[in-house]
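*Asks:* Next come the chains, spelled out residue by residue.
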Amino acid sequence: MDVTETDLPGVGKKHEVDIGGGQQLVVVTHNTGTRELYLKKDEDADSEKLLELSDRLARMVGTILEGAYFQPVESSHVETMLSEGTLLEWYAVESDSPLVGETLAGANVGQRTGVTVVAIQRDDNVIAGPSPDMQIEASDTLVVIGERENCEQFEKLLTGDL
Amino acid sequence: MADLLGIGVLFAAVAAATLVAVWLNKSVIPFYIIIGMLLSPSVAGQFSVAGYGLPVVESSEFVELGAELGIVFLLFFLGLEFNLDRLLESWERITRAGTIDLAINFGAGLMLGFALFRDPLAAFLTAGIVYISSSAIITKSLIDLGWIANDEADPMLGTLVFEDLFIAVYLTVAAALVTGGSDVAAAATSVGIALSFIVALLLLARYGTPWFERALQTTSNEFTVVRAVGITVLVSGFALAIGVSEAVAAFFVGMAFAPTTHTHKLESLLEPLRDTFAAVFFFWIGVETDPRLFAGVAGLVAAAIVVTTPTKILSGYLSGRAYELNPRRSMRVGLGMVTRGEFSLIIAAVALTGAGTSLSTALANAVYSFTVAYVLLMSILGTMLMQYSAPFEQFATARFGTE
Chain A
1 MDVTETDLPG VGKKHEVDIG GGQQLVVVTH NTGTRELYLK KDEDADSEKL
51 LELSDRLARM VGTILEGAYF QPVESSHVET MLSEGTLLEW YAVESDSPLV
101 GETLAGANVG QRTGVTVVAI QRDDNVIAGP SPDMQIEASD TLVVIGEREN
151 CEQFEKLLTG DL
Chain B
1 MADLLGIGVL FAAVAAATLV AVWLNKSVIP FYIIIGMLLS PSVAGQFSVA
51 GYGLPVVESS EFVELGAELG IVFLLFFLGL EFNLDRLLES WERITRAGTI
101 DLAINFGAGL MLGFALFRDP LAAFLTAGIV YISSSAIITK SLIDLGWIAN
151 DEADPMLGTL VFEDLFIAVY LTVAAALVTG GSDVAAAATS VGIALSFIVA
201 LLLLARYGTP WFERALQTTS NEFTVVRAVG ITVLVSGFAL AIGVSEAVAA
251 FFVGMAFAPT THTHKLESLL EPLRDTFAAV FFFWIGVETD PRLFAGVAGL
301 VAAAIVVTTP TKILSGYLSG RAYELNPRRS MRVGLGMVTR GEFSLIIAAV
351 ALTGAGTSLS TALANAVYSF TVAYVLLMSI LGTMLMQYSA PFEQFATARF
401 GTE
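Going down the list, the sequences are from chains A and B.
Each residue of the first sequence is one higher than the one before, counting from 1 in full-length UniProt numbering.
Each residue of the second sequence is one higher than the one before, counting from 1 in full-length UniProt numbering.
Check the hints yourself; a few may be wrong.
[Stated by the list, open to error] Here are the simulated SDA-like cross-link-like pairs (lysine to any residue), alpha carbons at most 25 angstroms apart as the crow flies: (1) A/K13 - B/N326; (2) B/K26 - A/G12; (3) B/K26 - A/L37; (4) B/K140 - A/P9; (5) A/K13 - B/L145; (6) A/K13 - B/T209; (7) A/K49 - B/K26; (8) B/K140 - A/E94; (9) A/K49 - A/T34; (10) B/K26 - A/L53; (11) B/K265 - A/G33; (12) A/K49 - B/V306; (13) B/K26 - B/N326.
[Unchecked claim] Chain A stretches covered by chain B per the calculated footprint, using a threshold of three residues with CB under 8 angstroms from any CB of chain B: (14) 49-58; (15) 89-97.
Hints in this document: simulated from the structure, not taken from any laboratory.
Since we're looking at a predicted model, the values are computed, not measured.
Glycine included, every Cβ here is placed at the ideal spot set by N, Cα and C.
Could you put together the complete structure from these sequences and hints?
*Replies:* Okay, structure coming up:
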């Protein structure tokens, strides 16, 4: 993926994303937070303005693009690549999961899967850095960090396949 | 006119100017100046309707101080957005484009100024006035035309950064020369004081970051704004008191804040303050201008336009080429850089302070009205050239090819 970042003194920043076929998506982020989206048909072409979003709208659209609301393909969880191979993942705890009612220490998550639970989202609260005696409840969302294979291992543990 | 009422008329007038600017889809700066001119004693003061005088805004102490604050905040922002590290990153290209721009336009300005005014100091001021492009107007036009997302934005913004840095040094010297009078020793002393003050500020900007960081450490927006204004205006005021350009001091204070974590917050919090006082500054420029003096400088302005439009197009074109742009885009760089604006007016304001001392009153007034007329016309011409760039681009492609 080829992204070029340029400073626009007095304006903000410009990001150019190569979207294939010689086309460039240009995002101008103003210091005010406004984002302008442009499409450059080819290297020589002038940028055509597609749309302009306020800071709030841009973040919302960005979240949708990221797949936080709806994942059409692949996984049932959100994943973010921190660096090559290391993932930050969100897992929903179903009510039939064997982990429901267990504490983090009791389930021995770290030993058995190699991931670290860095946060638990419960209703609208986010419990950051949960203590080992924290009990896992149905409909929690667990935020874990670990290597891809460890994350896969954890998913199995969570669904009772381990 | 009663004081508050007078200020009310002033702000209502600049508010009306914004309506006109939106309606015509043009930068608002020229309209601030024009409305200031219309309400000045030399225009509105000359007419009366049914025995009643028209509302006139005199250049009161408030207006003058407001204008000075406008200059301070304009330059403070320039410093705030001026990131030395980023400048150093693309130093080579920026200096190449900047040096071309400086050599051609400042050089032409010196010769032009001497030919027009027959005075070395006036020539030096003219060189600055015709050299410095308008960051505010050009940036706005870039955004309006969508060029901001194109490659030509880089050399234009890069050159503006170079110009801004140069103008900080230039203003120091110019202000010192103008206040120093014709006595060489006195002038040298004031330039010396100014430059050492600048060095002190530079050191403060370079090493004072932790202090500036702590100074604004608060969760209250109110305290952030008040503290930032307190520091900036105090330093600028002190600079002015010892005969150094307040604008330059504000520029360096801005630079000192730039590496802190508060930059972004400061930008959004102080922008309305800057815009309010900048409007007062442009309005004051208008109030101080007697349009009848335009007739006397019309020839000078015409000569300046004829000389400095092609020089900017040429230097911009060469800068674009230095950024490895094709002739079409390089031509756009040239057309875009033609606009002059706020900084030329700050130089004009400096010239006015020298009336009767380093410059004769007539000469200072001539330089001043020359600048106002020149800036008004160049802001129109520059934005028009950008808007109707197509034939120029075709010419460049036909003449110099597509590579």
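*Asks:* Hint by hint, say whether it matches the structure.
*Replies:* Comparing the hints with the structure gives:
Only pairs whose Cα atoms come within 25 angstroms are accepted, and A/K13 paired with B/N326 is accepted, the gap being roughly 23 angstroms. Simply put, B/K26 and A/G12 have alpha-carbon atoms about 22 angstroms apart, close enough for the 25 angstroms limit, and the pair holds. Our distance criterion of 25 angstroms between C-alpha atoms is met by B/K26 and A/L37, whose separation comes to about 23 angstroms. The straight-line distance between the Cα atoms of B/K140 and A/P9 is roughly 12 angstroms, inside the 25 angstroms bound, and the hint therefore holds.
Between A/K13 and B/L145, the direct Cα distance comes to roughly 17 angstroms. Compliance with the 25 angstroms bound is thereby established for this hinted pair. Among the hinted pairs, A/K13 with B/T209 is consistent with the structure: their alpha-carbon atoms are about 23 angstroms apart, no more than 25 angstroms. The suggested pairing of A/K49 with B/K26 holds, with an alpha-carbon distance near 19 angstroms, which does not exceed 25 angstroms. At most 25 angstroms may separate the alpha-carbon atoms for a hinted pair to count; B/K140 and A/E94 exceed this at roughly 53 angstroms.
For a cut-off of 25 angstroms, the pair hint linking A/K49 to A/T34 stands: about 14 angstroms separates their Cα positions. Between B/K26 and A/L53, the direct Cα distance comes to roughly 22 angstroms. Compliance with the 25 angstroms bound is thereby established for this hinted pair. A distance of roughly 12 angstroms separates the Cα atoms of B/K265 and A/G33; the hinted pair therefore holds under the 25 angstroms criterion. Restraint check for A/K49 and B/V306: not satisfied, since their Cα atoms lie roughly 35 angstroms apart, outside the 25 angstroms limit.
A threshold of 25 angstroms between alpha carbons decides the hint, and for B/K26 with B/N326 the separation of about 28 angstroms lies outside it, so the pair is violated. With 1 residues having a beta carbon nearer than 8 angstroms to a beta carbon of chain B, the region 49-58 of chain A misses the requirement of three or more and the stated coverage is violated. Residues of the region 89-97 of chain A with a Cβ under 8 angstroms from some Cβ of chain B number 0, which does not satisfy the need for three, so the listed coverage is violated.
Checked against the numbered hints given earlier, this structure breaks hints 8, 12, 13, 14, 15; the rest are met.
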